[in-house]
Amino acid sequence: MHDAPSQKEMIQAVKAFIDNTAMPSLKGHAAFHARVASNVLATVLREMDIRPEAESEEVQRLTELLGTEPGQSAVALNKLLCEQIRSGEMSLTRPGLLSHLKTTTIAQLSVDQPGYSGLKTS
Amino acid sequence: MLFRVIVAKMGNAEQIQKALTAWAEQFYGAESSLEHVARLSGGASQETWAVDIAADGGKYELILRRVPGGFKQSARNSEAIGLATEARLLECASGTVPAPKVMGVFSPDSDMGEAFLMNRISGETIARKILRDDDYSVAREKLTVQCGKALAGIHAIPVSELPDLPETPGLAQLDKYEDIYRGFDMPRPIFELAISWLRQNPPPPSPAVLVHGDFRLGNLIVDESGLAAVLDWELAHLGDPREDIAWLCVNSWRFGHTENRVGGFGQLEDLLSAYADAGGQSFSPEDIDWWEILGSLKWGIMCMIMYEAYRSGADPSVERAAIGRRVSETEIDLLNLLEGKA
Chain A
1 MHDAPSQKEM IQAVKAFIDN TAMPSLKGHA AFHARVASNV LATVLREMDI RPEAESEEVQ
61 RLTELLGTEP GQSAVALNKL LCEQIRSGEM SLTRPGLLSH LKTTTIAQLS VDQPGYSGLK
121 TS
Chain B
1 MLFRVIVAKM GNAEQIQKAL TAWAEQFYGA ESSLEHVARL SGGASQETWA VDIAADGGKY
61 ELILRRVPGG FKQSARNSEA IGLATEARLL ECASGTVPAP KVMGVFSPDS DMGEAFLMNR
121 ISGETIARKI LRDDDYSVAR EKLTVQCGKA LAGIHAIPVS ELPDLPETPG LAQLDKYEDI
181 YRGFDMPRPI FELAISWLRQ NPPPPSPAVL VHGDFRLGNL IVDESGLAAV LDWELAHLGD
241 PREDIAWLCV NSWRFGHTEN RVGGFGQLED LLSAYADAGG QSFSPEDIDW WEILGSLKWG
301 IMCMIMYEAY RSGADPSVER AAIGRRVSET EIDLLNLLEG KA
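For the record, the sequence lines run as chains A and B.
All residue numbers for the first sequence refer to this note's numbering, where the first residue is 1 and numbers rise by one.
All residue numbers for the second sequence refer to this note's numbering, where the first residue is 1 and numbers rise by one.
It should be emphasised that the hints constitute simulated quantities derived from the structure, not laboratory data.
The C-beta atom is built at its ideal place from N, Cα and C for all residues, glycine as well.
Check before you lean on any hint, since a few could be wrong.
According to the in silico footprint, chain A covers these stretches of chain B (three or more CB under 8 Å from chain A) [to be verified]:
1) 180–190
2) 252–261
Between beta-carbon pairs, the in silico distance windows are [said to hold, decoys possible]:
3) A/Thr68 x B/Pro285: 35 to 43 Å
4) A/Gly28 x B/Gln267: 34 to 42 Å
5) B/Asp135 x A/Ala31: 21 to 29 Å
6) A/Arg35 x B/Gln267: 30 to 38 Å
7) A/Leu92 x B/Val138: 40 to 48 Å
8) A/Arg46 x B/Glu61: 45 to 53 Å
9) B/Gly313 x A/His29: 19 to 27 Å
10) B/Arg199 x A/Thr68: 23 to 31 Å
11) B/Phe71 x A/His29: 22 to 30 Å
12) B/Glu31 x A/Gly28: 36 to 44 Å
13) A/Arg35 x B/Val159: 38 to 46 Å
Derived pair list, reagent style EDC-like, types lysine to aspartate or glutamate, alpha-carbon separation capped at 16 Å [to be verified]:
14) A/Lys79 x A/Glu89
15) A/Lys102 x B/Glu339
16) A/Lys120 x B/Glu259
17) B/Lys298 x B/Asp175
18) B/Lys18 x B/Asp109
19) A/Lys79 x B/Asp185
Turn these sequences into a full structure, and let the hints guide you.
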């Protein structure tokens, strides 16, 4: 399959259209939603850069923390982690748990809200 | 009579004008006239209108709070109390807490629909302006003590004088929000950890008092000399006084000024000593932690609820979709809080 324009280029082109053409000609609520739309595309662009590596590292950490066989998805592993926390098998004092969650959340916020104040204090 | 009406919905506006004209004639006399009615933006669950009435050679500036369309279509927010109850609470608070004065109350079967009128208080509600603009530098220095005093005033209103309100202690709120979260089937390990920790470390119970329920910048009118009025009482309930103090401390309501635990403008020790000086209970900052963790968790789940409106198709707006990507803000806040508890 072809890759010209690439996914990134297409999203960048739409974002530039919103920022430079659509937003200045809109008013009120529509202008506000255009800004939100532009921010959403910026989130998608950041996710394309950050997610592949961050998620594979997350899966590695989860596999180790949970002692599971390799090859499970991040979704399945996180579900298992939730079950173990809920049942009390895993708690705040478990070595490695907080640092894993912190690394994961910092990566998530680098995608979702890189300017968030809580990221600076973490 | 001069009508200058800027409105979103014309039929609605006409109904409001007629009802206000009739009210003004009764309240201010037959010579009074309705000068200006304008729908204000903001306030998703209620309509808010600015109303100017001329009478006795003067101008009366009022705010109308009204159920959308004048009558309740459905439970928009299952926790919200009715407008009549909200008006009654403002009356209970008057004298001890800076709050608008209720001028008139309209029942659901009136021409106006369910609504109340209060006096308009000038000042700023936008948090980022209050926290940053030079105009509010004096206000910022006073605000912590003023908020401590106002909270002590709210919590001291005798429960016997209050209208019927739901009683929701902390653990009942945790149950409720946990149910909502589980209903989404979107597992989030940090929420699980917060829920477990909150269940294992419940605070000692405290006698139920009036809790405002949404005491934070955005719902406070601030002028150059500080706190001018406490607004938006629709989430009021009976509960634990620490809930209000902690909600003001939730990092989401510090609007980027994380170093100031109280609302982005003050230190908790100062708030707590002003609170105790004004007759409130003596709390230590650690007493507030449980409630701040609950508060962050609640806000995270509220963001999930707003995203759910998109996921379910109920509200297809890009704004509702985007808010799902703010849940991680509360996750880092919860981690920062839980780290101190490990």
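The hints, checked one at a time:
1. 180–190: holds (count 4)
2. 252–261: holds (count 4)
3. A/Thr68 x B/Pro285: 35 to 43 Å: Given a distance of about 40 Å, which is inside 35 to 43 Å, the answer is holds.
4. A/Gly28 x B/Gln267: 34 to 42 Å: For B/Gln267 against A/Gly28, whose Cβ atoms are near 39 Å apart, the range 34 to 42 Å holds.
5. B/Asp135 x A/Ala31: 21 to 29 Å: holds (26 Å)
6. A/Arg35 x B/Gln267: 30 to 38 Å: Holds: the Cβ-Cβ distance is about 34 Å, inside 30 to 38 Å.
7. A/Leu92 x B/Val138: 40 to 48 Å: holds (42 Å)
8. A/Arg46 x B/Glu61: 45 to 53 Å: holds (46 Å)
9. B/Gly313 x A/His29: 19 to 27 Å: Distance hint for B/Gly313, A/His29 holds at roughly 20 Å.
10. B/Arg199 x A/Thr68: 23 to 31 Å: holds (26 Å)
11. B/Phe71 x A/His29: 22 to 30 Å: holds (24 Å)
12. B/Glu31 x A/Gly28: 36 to 44 Å: holds (37 Å)
13. A/Arg35 x B/Val159: 38 to 46 Å: holds (45 Å)
14. A/Lys79 x A/Glu89: holds (14 Å)
15. A/Lys102 x B/Glu339: holds (10 Å)
16. A/Lys120 x B/Glu259: holds (11 Å)
17. B/Lys298 x B/Asp175: holds (11 Å)
18. B/Lys18 x B/Asp109: Answer holds: B/Lys18 to B/Asp109 is near 15 Å, not above 16 Å.
19. A/Lys79 x B/Asp185: holds (10 Å)
In summary, this structure violates none of the numbered hints.
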